[in-house]
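Chemist: One letter stands for each residue in the lines below.
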Amino acid sequence: MLNNLTELSISPRLAKNIRRNVKERVIEFILMMAALSAVFTTFAIVAILLYESFGFFETVSLVEFFTGTVWTPLFEDAHYGIMPLIAGTLTTSFVALAVAVPVGTIAAIYLSEFASHKTREITKPVLELLVGVPTIAFGYFALLFVTPLLQIIYPDLPGFNMLSAGLVMGVMIVPYIASVAEDAMRAVPMSMREGSYAMGATRFQTALRVVTPAATSGIVAAYILAVSRAVGETMVVAVAAGQQPTLTFDPTEGAATITAYIVQVAMGDLPHASIGYQSIFAAGLVLFAMTLTFNLIGHVVRKKYREQY
Amino acid sequence: MVNTSTPIKAESKDLNFYYSNGHQALKSVSMPIYENKITALIGPSGCGKSTFLRCFNRMHDLYPGNKYEGQIIMHPDNTNILADGVDPIEVRMRISMVFQKPNPFPKTIFENVAYGLRVRDEKNNRVVADKVEEALKGASLWNEVKDRLNDLAFNLSGGQQQRLCIARALATDPEIMLFDEPTSALDPIATANIEELMNELRGKLTILVVTHNMQQAARISDCTAYMYLGEMMEYGDTDTIFTRPVRKETEDYITGKFG
Numbered sequence: 001m002l003n004n005l006t007e008l009s010i011s012p013r014l015a016k017n018i019r020r021n022v023k024e025r026v027i028e029f030i031l032m033m034a035a036l037s038a039v040f041t042t043f044a045i046v047a048i049l050l051y052e053s054f055g056f057f058e059t060v061s062l063v064e065f066f067t068g069t070v071w072t073p074l075f076e077d078a079h080y081g082i083m084p085l086i087a088g089t090l091t092t093s094f095v096a097l098a099v100a101v102p103v104g105t106i107a108a109i110y111l112s113e114f115a116s117h118k119t120r121e122i123t124k125p126v127l128e129l130l131v132g133v134p135t136i137a138f139g140y141f142a143l144l145f146v147t148p149l150l151q152i153i154y155p156d157l158p159g160f161n162m163l164s165a166g167l168v169m170g171v172m173i174v175p176y177i178a179s180v181a182e183d184a185m186r187a188v189p190m191s192m193r194e195g196s197y198a199m200g201a202t203r204f205q206t207a208l209r210v211v212t213p214a215a216t217s218g219i220v221a222a223y224i225l226a227v228s229r230a231v232g233e234t235m236v237v238a239v240a241a242g243q244q245p246t247l248t249f250d251p252t253e254g255a256a257t258i259t260a261y262i263v264q265v266a267m268g269d270l271p272h273a274s275i276g277y278q279s280i281f282a283a284g285l286v287l288f289a290m291t292l293t294f295n296l297i298g299h300v301v302r303k304k305y306r307e308q309y
Numbered sequence: 310m311v312n313t314s315t316p317i318k319a320e321s322k323d324l325n326f327y328y329s330n331g332h333q334a335l336k337s338v339s340m341p342i343y344e345n346k347i348t349a350l351i352g353p354s355g356c357g358k359s360t361f362l363r364c365f366n367r368m369h370d371l372y373p374g375n376k377y378e379g380q381i382i383m384h385p386d387n388t389n390i391l392a393d394g395v396d397p398i399e400v401r402m403r404i405s406m407v408f409q410k411p412n413p414f415p416k417t418i419f420e421n422v423a424y425g426l427r428v429r430d431e432k433n434n435r436v437v438a439d440k441v442e443e444a445l446k447g448a449s450l451w452n453e454v455k456d457r458l459n460d461l462a463f464n465l466s467g468g469q470q471q472r473l474c475i476a477r478a479l480a481t482d483p484e485i486m487l488f489d490e491p492t493s494a495l496d497p498i499a500t501a502n503i504e505e506l507m508n509e510l511r512g513k514l515t516i517l518v519v520t521h522n523m524q525q526a527a528r529i530s531d532c533t534a535y536m537y538l539g540e541m542m543e544y545g546d547t548d549t550i551f552t553r554p555v556r557k558e559t560e561d562y563i564t565g566k567f568g
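So the sequence lines, in the order shown, correspond to chains A and B. The first sequence lines up with residues 1 to 309 when you count with the working numbering. The second sequence lines up with residues 310 to 568 when you count with the working numbering.
No wet-lab data here; the hints were simulated from the structure. Since the structure is predicted, the reported quantities are computational estimates derived from the model, not experimental observations. The beta-carbon is built from N, C-alpha and C at its ideal position, and this holds for glycine as well. Please note: incorrect hints may appear among the correct ones.
What the hints assert, rightly or not - Derived CB-CB ranges, DEER-like:
no. : chain 1 : residue 1 : chain 2 : residue 2 : range
1   : B       : Q524      : A       : T6        : 47 to 57 Å
2   : B       : R403      : A       : R186      : 28 to 38 Å
3   : B       : R403      : A       : S116      : 22 to 32 Å
4   : A       : P189      : B       : R556      : 32 to 42 Å
5   : A       : F43       : B       : K432      : 55 to 65 Å
6   : A       : Q264      : B       : G374      : 50 to 60 Å
7   : B       : K432      : A       : R186      : 26 to 36 Å
Stated by the list, open to error - Residues of chain A clear of chain B, computed beta-carbon distances all greater than 10 Å:
no. : residue
8   : S11
9   : R25
10  : A35
11  : A44
12  : V131
13  : T135
14  : I224
15  : G232
16  : T293
Stated by the list, open to error - Simulated crosslink set (SDA-like; lysine to any residue; CA at most 20 Å straight-line):
no. : chain 1 : residue 1 : chain 2 : residue 2
17  : B       : K410      : A       : E194
18  : B       : K416      : A       : F204
19  : B       : K410      : A       : M190
20  : B       : K416      : A       : T216
21  : B       : K416      : A       : R186
22  : A       : K124      : A       : L225
23  : B       : K416      : A       : R302
24  : B       : K416      : A       : S191
25  : B       : K513      : B       : D531
26  : B       : K376      : A       : E194
27  : B       : K416      : A       : Y305
28  : B       : K416      : A       : V301
29  : A       : K304      : B       : T417
30  : B       : K336      : B       : G379
31  : B       : K416      : B       : D430
32  : B       : K416      : B       : D456
33  : B       : K566      : B       : F551
34  : A       : K118      : B       : Y328
35  : A       : K118      : B       : Y372
Just chain A, with the same shape it has in the complex (with noise of 0.2 Å):
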């Protein structure tokens, strides 16, 4: 019967609307370059970080970037080895999560599955003010008051130590830690609360057993954003940590991170594509690298685990 179809006018009341089918689209669109303005900036940096390192590359060999020990990049007899900076990143950070893991998982758990209403609504709020207090501050409060303190235990520790900087940043990653898997904790439904509690289970076997597992998802992404946070502070460590570039992985020695020798570096006036300036962009790459790589570990981590409920 198909070949017996006319074709029919289209009655104007059914015609498409050419204005409204313009306005969505520039809506569209405009929505659209809201989202990419953020990809855009984020390529743009990757390019200029690729590109600026290309220059340093040309001078100093892979090999001896990745292998090297000393990191002298603006001294006389210059050295570019970056593992010195990458161990003082990672011993930082690592004693920076050995605080904010465990302390902020709790303090999620607790304000999730065991705070009262009151408690939580006057605790969460006090605990998301710690992460509007300036870094700097932080910064000072690790040089001038944890690490005096620390020298009553260690007589022997140093001023610039990598111990208290770390600490100092642990605390301060708490809320956010805190703040994301308590989130992630409230978002499991009631009704498997109660299946837990309908078994006979306490409320700890419940928080433990049965909501933390199911917020994996949530937590995990707790933790990667603490990590990308511990990775990339600045301010802390270039205060209280030294500023020297050794190649150590004890946290009562002072050392450099990447970002404490970038903003150390920065701070000076170094001639535009002299190697000195060209090394913080390598440094740059380097920790960008690194965030990204926890990242993308996160991600996989939480796709595994996302909430099934």
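Chain A is fixed; fit chain B onto it per the hints.
Modeler: Chain B alone, transformed into the frame defined by chain A:
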């Protein structure tokens, strides 16, 4: 069929219940729950039947401000399980519950069923494995899952998940099992499976079931209670309630004139 010689497993006496907002959801509810029988609670939405059911395992204790008044006497202890000195966790260990929507835990099939034993600190893996198998058989799920006990429970279908939840509740040998509209989220075939399963459990343990489905109540229960606006309107043998209800309201509800 229930007669005067059937032992009573639990009994609510002048039970009032108030939610934290002050709303009185139960008004002086009194009724017996006969041992190893199925008792159905019917009534329109908001009549308090789920509220009543959740008093039996002290589920309301999870939310602050809720208040019980009156008694639920459990036998053979002859104890009011709503009394202050009673530990709700002990009550829940003996009175188990299956919910409206299947709510498996984010664990494997095996660990879901073993959960009740794990929280009771059962360390003997042999005992746990045996109990899990027995419970899964009791919930008619064993043949479907025996080869994939280590799969995540979420991979099961809705009906299987609900039977898993029944297995989970059975694994701890409860004396009473509470079913809160256990089939309302399931398709007719899964519903038939659950009903058949409840029929098989009859005589082995005491069952209290809330249902919106009149035919379901008629099919599976021995006794039926009709509730309306927080009150127990009529209670009796299921046959009697469905064929010769005493009250006009009950008849209107079960014949579909109302509700």
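Chemist: Does each hint fit the structure? Answer for all of them.
Modeler: We went through each hint and held it up to the structure:
1. Q524/B with T6/A: 47 to 57 Å: Cβ of Q524/B to Cβ of T6/A: about 54 Å, so the range 47 to 57 Å holds.
2. R403/B with R186/A: 28 to 38 Å: Holds - the Cβ-Cβ distance for R403/B and R186/A, about 31 Å, lies within 28 to 38 Å.
3. R403/B with S116/A: 22 to 32 Å: holds, 29 Å
4. P189/A with R556/B: 32 to 42 Å: holds, 38 Å
5. F43/A with K432/B: 55 to 65 Å: holds, 56 Å
6. Q264/A with G374/B: 50 to 60 Å: For Q264/A and G374/B the Cβ distance comes to about 58 Å; the hint holds.
7. K432/B with R186/A: 26 to 36 Å: Distance hint for K432/B, R186/A holds at roughly 32 Å.
8. S11: The claim holds: S11/A sits with its nearest Cβ about 43 Å from chain B, beyond 10 Å.
9. R25: Holds, because the least Cβ-Cβ distance between R25/A and chain B comes to about 41 Å, which exceeds 10 Å.
10. A35: A35/A clear of chain B: closest Cβ-Cβ about 32 Å, beyond 10 Å.
11. A44: Non-interface label on A44/A holds, nearest chain B Cβ at 41 Å vs cutoff 10 Å.
12. V131: Since the minimum Cβ distance to chain B is about 29 Å, V131/A lies beyond 10 Å and the statement holds.
13. T135: holds, 36 Å
14. I224: holds, 20 Å
15. G232: holds, 32 Å
16. T293: Fine: 27 Å to the nearest Cβ keeps T293/A off the interface.
17. K410/B with E194/A: holds, 12 Å
18. K416/B with F204/A: holds, 17 Å
19. K410/B with M190/A: holds, 12 Å
20. K416/B with T216/A: Holds, because 12 Å separates the two Cα atoms, which is no more than 20 Å.
21. K416/B with R186/A: Holds: K416/B and R186/A sit about 19 Å apart, inside 20 Å.
22. K124/A with L225/A: Roughly 18 Å separates the two Cα atoms, so the pair holds.
23. K416/B with R302/A: holds, 16 Å
24. K416/B with S191/A: holds, 15 Å
25. K513/B with D531/B: holds, 14 Å
26. K376/B with E194/A: Holds - the C-alpha atoms of E194/A and K376/B are around 18 Å apart, at most 20 Å.
27. K416/B with Y305/A: holds, 11 Å
28. K416/B with V301/A: holds, 17 Å
29. K304/A with T417/B: Holds. K304/A to T417/B sits at ~15 Å (cutoff 20 Å).
30. K336/B with G379/B: Satisfied, since the Cα-Cα distance of roughly 10 Å is no more than 20 Å.
31. K416/B with D430/B: holds, 17 Å
32. K416/B with D456/B: holds, 16 Å
33. K566/B with F551/B: Holds: K566/B and F551/B sit about 14 Å apart, inside 20 Å.
34. K118/A with Y328/B: holds, 19 Å
35. K118/A with Y372/B: holds, 14 Å
Comparing the model with each earlier hint shows no violations; every hint is respected.
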